[in-house]
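Residue numbers (numbering that gives the first Met the number 0), protein chains in the order written: chain A, 0 to 439; chain B, 0 to 302.
Derived from the structure by calculation, the hints contain no laboratory data. Take the hints with a grain of salt, since some may be wrong.
Simulated pairs of lysine-lysine, DSS-like, Cα-Cα distance not exceeding 25 Å [unchecked claim]: (1) K132(B) x K35(A); (2) K123(B) x K3(B); (3) K138(B) x K123(B); (4) K111(B) x K397(A); (5) K439(A) x K76(B); (6) K278(B) x K397(A); (7) K397(A) x K124(B); (8) K111(B) x K123(B); (9) K5(A) x K45(B); (10) K158(A) x K45(B); (11) K397(A) x K198(B); (12) K420(A) x K145(B); (13) K176(B) x K5(A); (14) K252(A) x K207(A); (15) K282(A) x K123(B); (16) K35(A) x K198(B); (17) K188(B) x K176(B); (18) K32(A) x K45(B); (19) K158(A) x K176(B); (20) K124(B) x K282(A); (21) K123(B) x K260(A); (22) K397(A) x K123(B); (23) K83(B) x K145(B); (24) K28(A) x K420(A); (25) K35(A) x K138(B); (26) K111(B) x K282(A); (27) K195(B) x K174(B); (28) K3(B) x K144(A); (29) K145(B) x K5(A); (30) K123(B) x K35(A); (31) K420(A) x K5(A); (32) K137(A) x K3(B).
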Amino acid sequence: MSKKEKTVVIEPATRLEGHANVVIELDEKGGVKDLKFCVTLTRMFEKFLEGRLAEEAPILTPRICGICPVPHHVCSVEAVEAAWDVEPPSAAVKLRDLMMQGKQISSHALHFYALAAPDFLAGPFADPSIRNLVGVFKHMPDAVKKAIALMRIGQEIVKTIGGRSVHPVTGVPGGQAKRLTEEERDRLLKLIDEAEGLMDFTIEVARKVVEGYLDVITKLGVVPTYYVGLNVNGVHTIYDRKATVRVMDPEGKIVADFPKKDYLQYVGEHVAPHSYATHIFFKPAGYPEGIWRAGPLARLNVADKMETPRAQELLKEFRDAVGRPCHATLAYNWARIVELMEAIEKARKLLEDPEIVSSDVKRADVRPREGNGVAIVEAPRGTLIYNYWTDDEGVIRKANLIVATNNNIAAVEKSMLVAAKQVLEERIHEKLKFPEPWFK
Amino acid sequence: MPVKVMFVQLASCWGCHQSLVDLHETLADVLPQLEIVYWHTVVDYKLHDVEKLPDGSVDVGFTEGFCRTEEDLYLLKLARQKCKLLVSYGTCSTYGGSPALLNLYQIDEGLKRKFMEAESVVDKKIPDMHVPKMLEYVKPNREYVKYDLFLPGCPPEPPLIAEVVTSLLRGEMPKLKERTLCDECPRVKSEVITIKKVKRAFEGIPDPEKCLLEQGYICMGPATREGCGAVCTRAGVPCRGCMGPGPNVLDQGAKMLSALASIVDYESVSPEELVQSVKDVVGTFSKFTLPSSIIPKAVSKKK
């Protein structure tokens, strides 16, 4: 490196769950030569799952992520069931679906209000001491109270179905260890009433943010990539045993819609020498051409429509403004609100289904066997793939996991490189239209 | 005056922090009393901001997670240096936690599986640029720095967190409860327990009222500290021991094994059959506490 070249290290990357640094390499003119998104931690669950009893895997793997333990729990138990060829009772599947929706509600509310909103509400130029949830709380206590209420509702649903709000335990190969009683169902329905009321406010905040920042959203860090997400005949879903995995190319064409068990033909992992998280990509397109994104924006891009009516209206509004496919990274936050609406509507639908209070939630005749099982669900931040190989005693011999956020690592890096060039070389932040901060 | 706090995330899942967020409306009372000087998931302060703080200037620090890399260890030592009072927050920080089961393998085997052998990896190599070096084994954090308080749980349940946080805010040192999980479990136990067979978690349908251990399921209650409210046994599944060893228990796994050995009906099952029926002894009995059990030391000595 010549004397005038410089490296800027952002350590750590903040307001994300997990560990990463950003390394920006500048040339002698101050231009951005390269940017590396360095994920600095891995705990290697794939290895220590080897030798464990398969039924204990759903207890262990939620510890991959404390914000989204539910999809890990559900995906883990269903990969074991797939390996053992066990079909859980339909009421158990509905309980798992409800638990997934509960988690979607709390995680999306947390992500929107605690991780993302402070940048928009305080503005990106505000001091770190106020540009955070506590800062928002001091200036907009009512908004934060509503955010907390939404998070509480989602977590209450998870706790009621899963036994615990963090790291649920009720998913057992063959079904669910705990049924939902009528009293619990009625209590959760009341919470859904409350959540629907809170959504009006949340949508209003999101609309104001989008209107204010439309210039920034549509111009900063925009990168075309592939997209991946589950769907059932084109309809958006985060959990469905019949769902297939759709892939959209950067032009907006659906280039694959494959059954879960075939994932190895379509999903590749590129090892970047500077990151303990691999870069996931669409294997037929190769790396880096096939870099894809997962999560709310990707799921909206690949879906023809939402499953529920109010979410469908919001999707229409979203598409009218940003199109399909939308490559604007900052639009993730808006997509999250569309999905939050669907999760609330879906939770109501499940709670109003009489079968949800069935006591037939667990098979008594589960037998371990040698097998290879794949399960795929949508975690709040992306497509989650579990593959277990078990022996005839039901012990895990091998495990391959593609974890939700991993899908986005390559695109996060690409997006930050674009944004870094825009900011450091073109000084785009001086030209973009920013709204007045909500508070100072 | 607000209390200066830092929340440190080492190798962990953020579940302990999520459990803090799960105080819900109580958070609205707690937040304004805090001045957060570091919490990378929530506030944009960087590492150099912490390095600049005078030593001992932070009132309370909470560490979540264990040290997997040299970067984690650096941050842990930095937190100790800056904080007057350091709280070991959660089971990973206190006993090593479940991802420390990797101690059963060499670190290179873990890296190899993930980056060289995983079925979906296309270009096999182990990352070595701008990433911190892995530590060979997970040790409990207390072997690296001194702590003032331990708050176990994976994660600690919100009521326990509320209790601890409110007493700290009052300037009092909280005290952990001193009984075992069985003492707070509502399930009905017989005077004398004997089991004829050890069952795996998926076998049959457990009776909803009766002690799970009595029904043959390996429930870690007798070897585990109370404080979670017995959330798992209330939800129909056995305790896996995430609160860590009960009071005065040196090794949680060994304690549970001896508890189990004392209740088996040896006329129905021989000691050999009992051992063989548990296919994964370490993962079953030391799921959350391997680094603080006597097992890893034996492994290290063999090396």
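Evaluation of the provided hints:
1. K132(B) x K35(A): holds (18 Å)
2. K123(B) x K3(B): Not satisfied, since the Cα-Cα distance of roughly 45 Å exceeds 25 Å.
3. K138(B) x K123(B): Distance of about 29 Å is beyond 25 Å: violated.
4. K111(B) x K397(A): At roughly 13 Å apart (the allowed maximum being 25 Å), K397(A) and K111(B) satisfy the hint.
5. K439(A) x K76(B): Violated. K439(A) to K76(B) sits at ~35 Å, over the 25 Å cutoff.
6. K278(B) x K397(A): This hinted pair holds, its Cα atoms lying about 16 Å apart.
7. K397(A) x K124(B): holds (19 Å)
8. K111(B) x K123(B): Since the Cα atoms of K111(B) and K123(B) sit roughly 9 Å apart, the hinted pair holds (cutoff 25 Å).
9. K5(A) x K45(B): holds (19 Å)
10. K158(A) x K45(B): violated (34 Å)
11. K397(A) x K198(B): The given pair, whose Cα atoms are some 24 Å apart, holds under the 25 Å limit.
12. K420(A) x K145(B): Given pair K420(A), K145(B) is violated - Cα atoms ~45 Å apart, limit 25 Å.
13. K176(B) x K5(A): violated (54 Å)
14. K252(A) x K207(A): violated (31 Å)
15. K282(A) x K123(B): Roughly 15 Å between the alpha carbons, so the hint for K282(A) and K123(B) holds.
16. K35(A) x K198(B): With Cα atoms ~50 Å apart, K35(A) and K198(B) exceed 25 Å; violated.
17. K188(B) x K176(B): holds (21 Å)
18. K32(A) x K45(B): Roughly 23 Å separates the two Cα atoms, so the pair holds.
19. K158(A) x K176(B): Holds, because 23 Å separates the two Cα atoms, which is no more than 25 Å.
20. K124(B) x K282(A): Roughly 18 Å separates the two Cα atoms, so the pair holds.
21. K123(B) x K260(A): holds (23 Å)
22. K397(A) x K123(B): holds (18 Å)
23. K83(B) x K145(B): It holds: about 11 Å lies between the C-alpha atoms, which stays within 25 Å.
24. K28(A) x K420(A): Holds - the C-alpha atoms of K420(A) and K28(A) are around 12 Å apart, at most 25 Å.
25. K35(A) x K138(B): violated (30 Å)
26. K111(B) x K282(A): Status holds; Cα separation ~21 Å.
27. K195(B) x K174(B): Roughly 39 Å between the alpha carbons, so the hint for K195(B) and K174(B) is violated.
28. K3(B) x K144(A): holds (23 Å)
29. K145(B) x K5(A): violated (39 Å)
30. K123(B) x K35(A): Distance of about 19 Å is within 25 Å: holds.
31. K420(A) x K5(A): Distance ~15 Å between K420(A) and K5(A) Cα, so the pair holds.
32. K137(A) x K3(B): holds (16 Å)
In summary, the numbered hints that this structure violates are 2, 3, 5, 10, 12, 13, 14, 16, 25, 27 and 29.
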